[in-house]
Amino acid sequence: MRGSRRPVIVAVAVATAIAIAACSSSSSNSSSASGTSSSSSSSSVKVTLTWWNNGNTQPLLGVWQSVAAAFHATHPNVTITVVPIQSDLFTTKMPIALKSDNPPDIFQQWGGGQEVTQFSSGKLANLSSLSSNWISELGPAAAGWQVNGAQYGIPYDQHVVGFWYRTDLFAKAGITTPPTTIAQLESDDAKLKAAGFTPIALGGGSRWPDAFFWEYFAVRLCSESVLQSSIKAVNMTAPCFSQATTDLTAFMGTNPFQGGFNATQAQTGAGSSAGLLANGKAAMELQGDWETSVVPALTSNTGILNDLGWFPFPQVPGGAGNPTAVLSGGDGFSCTTGASEPACDEFLQYIDSTAVQEELVSKAGVGLPANSAAEAVLTNPALQAAAKAHAGAAYDAEYFDIAFPTVAGQALDTALANFFAGKGSNSTIINSVSSSSGH
Amino acid sequence: MARTQVAPAAVAETAAGARAPRSRRRLRKAVELTALIGPAVVLFGGFVIVPMIFAAWYSLYNWSGFGPLSDFIGGQNYTGVLTGPVFREALEHNVIIAALSVLLQLPVSIGLALLLNRRVRGRTFLRLAVFAPFVLSEATTAVMWYELLQPGGPVDAVLKGIGLGGLVHYWLASTSLVLYTVFVVATWKYIGFGIVLLLAGLQGIPPELREAAAIDGATPWQATRAITLPLLAPTIRIWIFLSVIGSLQLFDLVWIMTLGGPANASTTMLTYQYVNGVQRTQFGYGATVSVVLFVISLVFALAYQRYALRRDTAGALTRAVM
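As they're listed, the protein sequences go chains R and F.
Heads up: the first sequence begins at 0 in numbering that gives the first Met the number 0, then just goes up one per residue.
Heads up: the second sequence begins at 0 in numbering that gives the first Met the number 0, then just goes up one per residue.
It should be emphasised that the hints constitute simulated quantities derived from the structure, not laboratory data.
All C-beta atoms in this analysis are idealised placements derived from N, C-alpha and C, irrespective of residue type, glycine included.
A portion of the hints provided could be inaccurate.
The following residues of chain F were derived to be distant from chain R, with all beta-carbon distances above 10 Å [to be verified]:
1) 41
2) 70
3) 177
4) 241
5) 258
6) 274
7) 277
A short, non-exhaustive set of chain F residues, derived as facing chain R with CB atoms under 10 Å [to be verified]:
8) 146
9) 148
10) 152
11) 221
12) 256
13) 262
Simulated coverage check for chain F against chain R, where a stretch passes if three residues somewhere in it have a Cβ under 8 Å from a Cβ of chain R [claimed, not checked]:
14) 59 to 65
15) 167 to 173
Kindly generate the complete structure, drawing on both the sequences and the hints.
Below, the structure is given as structure tokens:
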């Protein structure tokens with residue numbers, strides 16, 4: 000689950016499913032307002048919407064609270080109960096909540112195959128007709144939150160994965176322009192090593208950042224149609240995926256990562272991969288655009304964001320994929336079937352309004368807004384570069400672990416992490432999604 | 000690694016009301032028993048027994064956590080768990096940790112407890128220092144050691160500083176080392192608990208015995224071997240029990256420091272359960288792992304009670320309850 004960020008590791012005691020159910024059923028069940036209210040929620044029926052989101056730390060925590068309060072101010076009959084929950088806990092809480100009689104009215108939704116898995120609960124509300132008059136503002140981004148062509152979730156931000164690099168370290172190593180091919184990346188790695196820096200920081204211990212490398216090789220090597228059909232069929236036997244393993248193996252052979260990367264976490268502390276980048280120990284990291292909200296907290300260098308640059312994953316020779324394609328994803332929300340409409344839809348529309356989107360970008364640093372009208376407030380040049388690449392991409396490939404159904408996506412992450420740790424082979428990667436052999 | 004209760008608490012037979020008529024005495028006894036044991040039984044039943052029954056039930060289904068239990072697959076989950084190479088690896092790791100605990104932690108604990116039982120200067124401080132890590136939560140311990148063990152981090156710096164730079168390794172990244180690193184951290188955290196337990200045991204040994212032995216000409220080592228250790232044996236047996244059960248249930252430390260990696264090199268049965276049951280939303284499969292872990296723990300606990308703890312618990316349970 001790539002939340003907007005993963006700020007802390009959470010020690011999740013293995014409680015029994017029952018214990019979790021006991022905790023999660025304490026949310027409101029007061030969303031039983033009439034379904035007969037007109038298309039504007041100005042009717043006098045009082046409704047309460049319980050809203051589970053992953054804004055459990057500042058600044059997003061405060062922004063969501065003010066958004067809920069502002070919505071209540073203009074819709075006095077709608078009260079929003081904000082329930083912040085750490086990203087990783089949604090994995091355990093949502094299945095239980097969706098099985099219960101009173102799931103939250105609105106909850107964090109990352110879309111893709113995971114949404115399809117949740118869709119099978121029958122508790123996700125179809126927002127297609129309600130949102131039809133405004134969803135076009137989001138452009139193609141909204142498609143990642145559809146199931147069978149219907150809108151069962153709506154994004155509020157978008158993420159794009161690419162290389163974040165230290166412009167100052169590149170200069171010290173004598174690199175003037177960022178690499179555009181894998182061969183150039185490898186030669187730049189050598190220059191950085193000669194200058195005494197780790198070329199690329201990798202948070203292999205967290206078991207998802209390493210997957211980005213293989214996935215990007217696959218995105219560059221597979222054509223758009225092969226990629227789409229493979230994801231849909233949950234089958235990666237197309238030769239381009241095996242070629243991705245071959246190319247990745249060759250790339251790893253150049254030792255671009257820091258020593259002991261298998262145990263390095265992605266975002267926790269100065270020793271994490273983001274911390275290595277933040278403190279100038281490493282020159283690059285392949286990460287999502289949440290990097291700009293993670294890095295400043297890991298260093299005493301207050302001007303760190305000015306030292307960051309961004310470039311897309313380099314081209315891979317002979318690849319059938321469009322070289323502008325990006326690995327991407329985003330955060331969004333779903334309404335459940337018990338939620339009052341149109342209040343729930345109106346709230347999601349409000350979140351995607353330009354004003355709120357600008358607040359999310361400028362105050363909460365969510366990355367790229369779902370509504371591109373708000374991109375004007377992006378001030379960081381690296382983030383602007385990422386936004387530009389995203390806007391100019393021929394197509395988006397969603398992170399595979401989200402695009403696949405949950406079980407396959409998680410199995411792929413595990414297989415790739417094992418591969419990076421020197422265990423397993425191409426066939427264990429390829430087969431991870433189509434069998435449950437990952438056990 | 001103490002997370003389990005030990006033996007069932009002894010319930011003393013009530014001596015009150017000996018003169019009352021038999022029927023009234025019986026009624027009173029029933030009321031007392033209900034009032035005293037009732038709440039515990041309700042809690043134990045509701046939060047231990049019932050969830051276990053549910054887990055056993057779920058384990059027979061292919062269940063993602065959504066919708067009704069409809070896909071009955073019998074023992075297929077059990078075959079998957081028991082024949083899966085990763086689960087076997089995880090079980091092996093648990094057994095290695097348990098064995099190392101008994102073989103290494105125990106002698107060190109006994110040695111330190113004997114030392115701290117003597118009148119040494121700063122004894123209170125030393126006891127406090129040894130016990131302090133046990134007070135930290137597992138999460139705090141794990142995050143702290145994760146930072147200390149970073150490549151080039153404080154641990155490496157200390158080793159280099161004392162001229163042992165050659166010993167520096169990737170403590171958490173090396174697949175051949177990581178399990179032992181976790182064991183050392185677990186030892187650091189839990190050794191204080193063992194020492195306090197053993198110190199309490201040592202307090203119960205009358206000093207006269209050693210004095211008498213000394214008068215008879217026994218050396219301190221002889222007195223320790225022939226008097227102290229045998230009298231400490233009940234405490235040692237309890238410690239072993241707690242330690243092994245704790246080792247089988249190792250989770251927090253591992254999860255936070257390594258997520259069971261790299262490449263499953265530090266997976267335990269519980270991290271395996273979390274990854275395969277919860278993260279992959281295969282709750283039926285996860286329940287199966289729980290059941291297997293439960294059976295393993297139960298078999299060990301019963302066998303240990305039967306063969307090792309028998310003399311310690313003999314008499315602890317009254318005939319009326321048994």
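Now for the hints, and whether the structure bears them out:
For residue 41/F, the non-interface assignment is confirmed: its Cβ lies about 15 Å from the closest Cβ of chain R, beyond the 10 Å cut-off. The Cβ of residue 70/F sits about 12 Å from the closest Cβ of chain R, beyond the 10 Å cut-off, so the non-interface label holds. A cut-off of 10 Å between C-beta atoms contradicts the statement that residue 177/F is not in contact with chain R; the least separation is 7 Å. Every beta carbon of chain R lies more than 10 Å from that of residue 241/F, the smallest distance being close to 18 Å; the non-interface claim holds.
Not every beta carbon of chain R lies more than 10 Å from that of residue 258/F, the smallest distance being close to 6 Å; the non-interface claim is violated. Non-interface status of residue 274/F relative to chain R is broken: a Cβ of that chain comes within 10 Å, the nearest being about 7 Å off. A beta-carbon of chain R comes within 10 Å of the beta-carbon of residue 277/F; the shortest separation is about 5 Å. Interface restraint check for residue 146/F: the shortest CB-CB distance to chain R comes to about 6 Å, inside 10 Å, so the restraint holds.
The beta carbon of residue 148/F comes within 8 Å of a beta carbon in chain R, closer than 10 Å, and the hint placing it at the interface holds. Interface restraint check for residue 152/F: the shortest CB-CB distance to chain R comes to about 7 Å, inside 10 Å, so the restraint holds. With its C-beta approaching chain R no nearer than about 47 Å, residue 221/F sits outside the 10 Å limit, and its interface hint is violated. Taken as an interface hint, residue 256/F checks out: its beta carbon lies about 8 Å from the nearest beta carbon of chain R, inside 10 Å.
This hint holds: residue 262/F has a C-beta 4 Å from the nearest C-beta of chain R, less than the 10 Å allowed. Coverage of the region 59 to 65 of chain F by chain R holds in this model, with 3 residues showing a Cβ closer than 8 Å to a Cβ of that chain against a need of three. With 5 residues having a Cβ less than 8 Å from any Cβ of chain R, the region 167 to 173 of chain F passes the three-residue criterion, so the hint holds.
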